[in-house]
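Visitor: Fit chain B to the supplied structure of chain A, relying on the hints for placement.
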Amino acid sequence: MNDITKELLSMISDFDEKFDGAFNIREDSSCAGRKSTENIKIENKKDEPGIEIHIKPGTKGEKVYIPACVTHSDVDDLVYNDFYVGEDADITIVAGCGVHSDGEEDARHNGIHRFFLEKNSHVLYEEKHIGVGNGTGAKRIDPVTDIYLADDASMEMDTVQLSGVDTSIRKTSATLGARAKLIVRERIMTDGNETAKTEFEVLMNGEDCAADLMSRSVARGNSYQEFLSTLNGKNRCTGHSECDAILVDNGTVNAAPALEASHLDAALIHEAAIGKIAGEQILKLRTLGLTEEEAQERIIQGFLK
Amino acid sequence: MLELKNIAWSLPGGEEIIKNIDLKLDDGKLIVVTGPNGGGKTSLAKLIAGIETITSGQIIFDGKDITKLDVTERAKSGIAFAFQQPVRFKGLCVHDVLNLAAGEELAELAACDLLGKVGLCANEYLNRELNSSLSGGEIKRIEIATVLARKAPLSIFDEPEAGIDLWSFSRLVETFENLRKQGTGTLLVISHQERILNIADEIVVIANGRVRTAGPREEILPSLLQGEVAPFCPYGKEERK
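If you're matching them up, the sequences are chains A and B in order.
The opening residue of the first sequence carries number 1 in the numbering used here; numbering runs sequentially from there.
The opening residue of the second sequence carries number 1 in the numbering used here; numbering runs sequentially from there.
These aren't lab readings, by the way, just hints derived from the structure by calculation.
Please note that a few of the clues may not be correct.
[Unchecked claim] Here are the simulated lysine-lysine pairs, BS3-like style, with alpha carbons at most 27 Å apart:
{"#": "1", "chain 1": "A", "residue 1": "Lys-181", "chain 2": "A", "residue 2": "Lys-119"}
{"#": "2", "chain 1": "A", "residue 1": "Lys-171", "chain 2": "B", "residue 2": "Lys-90"}
{"#": "3", "chain 1": "A", "residue 1": "Lys-276", "chain 2": "B", "residue 2": "Lys-90"}
{"#": "4", "chain 1": "A", "residue 1": "Lys-41", "chain 2": "A", "residue 2": "Lys-181"}
{"#": "5", "chain 1": "A", "residue 1": "Lys-45", "chain 2": "A", "residue 2": "Lys-6"}
{"#": "6", "chain 1": "A", "residue 1": "Lys-128", "chain 2": "A", "residue 2": "Lys-45"}
{"#": "7", "chain 1": "B", "residue 1": "Lys-90", "chain 2": "A", "residue 2": "Lys-305"}
{"#": "8", "chain 1": "A", "residue 1": "Lys-197", "chain 2": "B", "residue 2": "Lys-90"}
{"#": "9", "chain 1": "A", "residue 1": "Lys-181", "chain 2": "A", "residue 2": "Lys-60"}
{"#": "10", "chain 1": "A", "residue 1": "Lys-197", "chain 2": "A", "residue 2": "Lys-181"}
{"#": "11", "chain 1": "A", "residue 1": "Lys-276", "chain 2": "A", "residue 2": "Lys-197"}
{"#": "12", "chain 1": "A", "residue 1": "Lys-128", "chain 2": "A", "residue 2": "Lys-35"}
{"#": "13", "chain 1": "B", "residue 1": "Lys-90", "chain 2": "A", "residue 2": "Lys-128"}
{"#": "14", "chain 1": "A", "residue 1": "Lys-41", "chain 2": "A", "residue 2": "Lys-6"}
{"#": "15", "chain 1": "B", "residue 1": "Lys-90", "chain 2": "A", "residue 2": "Lys-181"}
{"#": "16", "chain 1": "A", "residue 1": "Lys-6", "chain 2": "A", "residue 2": "Lys-18"}
{"#": "17", "chain 1": "A", "residue 1": "Lys-41", "chain 2": "A", "residue 2": "Lys-63"}
{"#": "18", "chain 1": "A", "residue 1": "Lys-197", "chain 2": "A", "residue 2": "Lys-128"}
[As the list claims (entries may be wrong)] Beta-carbon label-pair distances, calculated as ranges:
{"#": "19", "chain 1": "B", "residue 1": "Gly-38", "chain 2": "A", "residue 2": "Ala-258", "range": "43 to 51 Å"}
{"#": "20", "chain 1": "A", "residue 1": "Thr-252", "chain 2": "B", "residue 2": "Glu-105", "range": "35 to 43 Å"}
{"#": "21", "chain 1": "A", "residue 1": "Lys-35", "chain 2": "B", "residue 2": "Gly-116", "range": "44 to 52 Å"}
{"#": "22", "chain 1": "B", "residue 1": "Leu-109", "chain 2": "A", "residue 2": "Glu-294", "range": "22 to 30 Å"}
{"#": "23", "chain 1": "A", "residue 1": "Ala-258", "chain 2": "B", "residue 2": "Arg-195", "range": "52 to 60 Å"}
{"#": "24", "chain 1": "B", "residue 1": "Gly-227", "chain 2": "A", "residue 2": "Thr-252", "range": "55 to 63 Å"}
{"#": "25", "chain 1": "A", "residue 1": "Gly-61", "chain 2": "B", "residue 2": "Gly-116", "range": "32 to 40 Å"}
{"#": "26", "chain 1": "A", "residue 1": "Ala-278", "chain 2": "B", "residue 2": "Glu-73", "range": "17 to 25 Å"}
{"#": "27", "chain 1": "B", "residue 1": "Gly-103", "chain 2": "A", "residue 2": "Glu-226", "range": "36 to 44 Å"}
{"#": "28", "chain 1": "A", "residue 1": "Glu-156", "chain 2": "B", "residue 2": "Gly-116", "range": "30 to 38 Å"}
Here a beta-carbon is modelled for each residue, glycine too, at the ideal position from N, C-alpha and C.
This is chain A alone, in the form it adopts within the complex (with noise of 0.2 Å):
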């Protein structure tokens, strides 16, 4: 492992020199260290690049990490990961993607993971998001998540983007079973010219299954961002999609939350709202001491904490 993934391991997750748990990670295309344990199975995927990460039934309490790092430009990284997830597991699942660009030449991460939930299992998921480095080449990441809840299985996605990432698509699907349960939590942050682009699409076919969207954005510079949701409730659920925008400098958000019912007791909300920073909140923090740029950058923070 080179020093600019460890580097990016320690901006993404909890690494410090080891990770404690389950791993694999992923450094320029290649494996640059992997564990398993004994609830926990890690291997290769026998038809294209990638991993199969398998929980055993009933596991609790543990962390698997699986990060991707491209430590430099010309790299154009494509993988499959799919997670198998066990009735009754409760685990901690830690990804997350940094991209380093040092040439003209564009880096590139596309992770395409997708997590298989039996009855009655339920997963944390973490990602972060980032790109460093001064390369002329863009740095880009485009993560595709498909998520299959079953019975009584939920899932909760915290990701996050905070800076650096020239353009992203992020696309996130998922299908909920009876009384199934997703809650996204997304943070974006685009600067200077980075686009990031969100699509979720939540098929809720469960009776009783539940979705919970929100996304919190900040476009700073002249950055642009796109928000596309579709809650799609098929059965008797409750749905309910949001996203928040700060407008900072000449940055653009455009947001389009839609809702689909075929159901007549599918209760499904969607809400949106894109403004600057209220003068009121710059002055109630001007009135603590704060400057001007230091409220600014405060709200900012809270607002994508």
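Guide: Below, chain B without anything else, positioned relative to chain A:
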């Protein structure tokens, strides 16, 4: 000491809101500013805090001319301000804002103590966001707690009673009394409430942008309650004389 020397403030269109006010506020006192709605109380408070900028005059605080200082600089010089209508924040929780106000990371116990002073059960609030999930009364009390956290030489409260329940108001009155006894700073409270007027060291009556009368509570309050200085009507007895 805070000294206002002949200060005036007009709106951009020219309408005079504050008209040539001279006032001296001594250290360690609880001063209540009262008067009719629209008379200029909140404007005066905002001018002191630097939220608005005076059109003419001079403001001296602790012997220094702060007239040209902006709101941040005045806050740093020791002036705290509790807004009448507090703002909400998505993402900032109560503990975050108390830390910002205190200028340090407050221990949970210290933060709880501040919230207790405004009648909030702290454990339920510390990690809550200051967003629309909180009622107007809750937000108001948290706003007051942020000013208490600052421990500033001059704390300004703009109608602290507005929107809070009777029990919390009683707790707030006690807190003001305790702060006055401690004598650690000057409290400038804009209020119409008799219970707050009753604990004032001094009362300033403002109407129509001017100081109608000012002095020790014992002198001002009786006439105020009898309507002699017509605080609740800008065209009251004194105005008609």
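Visitor: Now look at each hint and say whether the structure bears it out.
Guide: Hints and how they fare:
A distance of roughly 12 Å separates the Cα atoms of A:Lys-181 and A:Lys-119; the hinted pair therefore holds under the 27 Å criterion. Distance restraint check for A:Lys-171 and B:Lys-90: the Cα-Cα separation of roughly 26 Å lies within the 27 Å cut-off, and the hinted pair is therefore satisfied. Between A:Lys-276 and B:Lys-90 the CA atoms are separated by roughly 13 Å; this keeps the pair inside 27 Å, and the hint holds. Taken as a hint, the A:Lys-41 and A:Lys-181 pair is honoured in the structure, with Cα atoms around 25 Å apart against an allowance of 27 Å.
Between A:Lys-45 and A:Lys-6 the alpha-carbon distance is near 25 Å, which keeps this suggested pair within the 27 Å criterion. Only pairs whose Cα atoms come within 27 Å are accepted, and A:Lys-128 paired with A:Lys-45 is accepted, the gap being roughly 24 Å. Note on B:Lys-90 and A:Lys-305: the hinted pairing holds, with a Cα-Cα distance of about 10 Å set against a maximum of 27 Å. Among the hinted pairs, A:Lys-197 with B:Lys-90 is consistent with the structure: their alpha-carbon atoms are about 22 Å apart, no more than 27 Å.
Annotation: proposed proximity of A:Lys-181 to A:Lys-60 holds, straight-line Cα distance about 18 Å (limit 27 Å). Our distance criterion of 27 Å between C-alpha atoms is met by A:Lys-197 and A:Lys-181, whose separation comes to about 24 Å. Taken as a hint, the A:Lys-276 and A:Lys-197 pair is honoured in the structure, with Cα atoms around 20 Å apart against an allowance of 27 Å. For the suggested pair A:Lys-128 and A:Lys-35, the alpha carbons sit about 21 Å apart, so the restraint of at most 27 Å is met.
Proximity of B:Lys-90 to A:Lys-128 is assessed by CA-CA distance (about 21 Å); at most 27 Å being required, the pair is judged to hold. Among the hinted pairs, A:Lys-41 with A:Lys-6 is consistent with the structure: their alpha-carbon atoms are about 23 Å apart, no more than 27 Å. Simply put, B:Lys-90 and A:Lys-181 have alpha-carbon atoms about 24 Å apart, close enough for the 27 Å limit, and the pair holds. Of the supplied pair hints, the one linking A:Lys-6 and A:Lys-18 holds, its CA atoms being roughly 10 Å apart against a limit of 27 Å.
Simply put, A:Lys-41 and A:Lys-63 have alpha-carbon atoms about 12 Å apart, close enough for the 27 Å limit, and the pair holds. Restraint check for A:Lys-197 and A:Lys-128: satisfied, since their Cα atoms lie roughly 16 Å apart, inside the 27 Å limit. Separated by about 47 Å at the C-beta atoms, B:Gly-38 and A:Ala-258 satisfy the suggested range of 43 to 51 Å. At about 36 Å, the CB distance of A:Thr-252 to B:Glu-105 agrees with the hint of 35 to 43 Å.
Here the CB-CB span from A:Lys-35 to B:Gly-116 is close to 49 Å, well matched to the stated 44 to 52 Å. Range check, B:Leu-109 to A:Glu-294: about 27 Å between beta-carbon atoms, so the 22 to 30 Å window is met. Between A:Ala-258 and B:Arg-195, the C-beta spacing of about 54 Å keeps the proposed range 52 to 60 Å intact. At about 59 Å, the CB distance of B:Gly-227 to A:Thr-252 agrees with the hint of 55 to 63 Å.
Between A:Gly-61 and B:Gly-116, the C-beta spacing of about 36 Å keeps the proposed range 32 to 40 Å intact. A beta carbon spacing of about 22 Å between A:Ala-278 and B:Glu-73 agrees with the range 17 to 25 Å that was offered as a hint. Taking 36 to 44 Å as the suggested C-beta distance range, the pair B:Gly-103 and A:Glu-226 conforms, at roughly 40 Å. A C-beta distance of roughly 33 Å is found between A:Glu-156 and B:Gly-116, which places it inside the suggested range of 30 to 38 Å.
Hint check: no violations occur; every hint is consistent with the structure.
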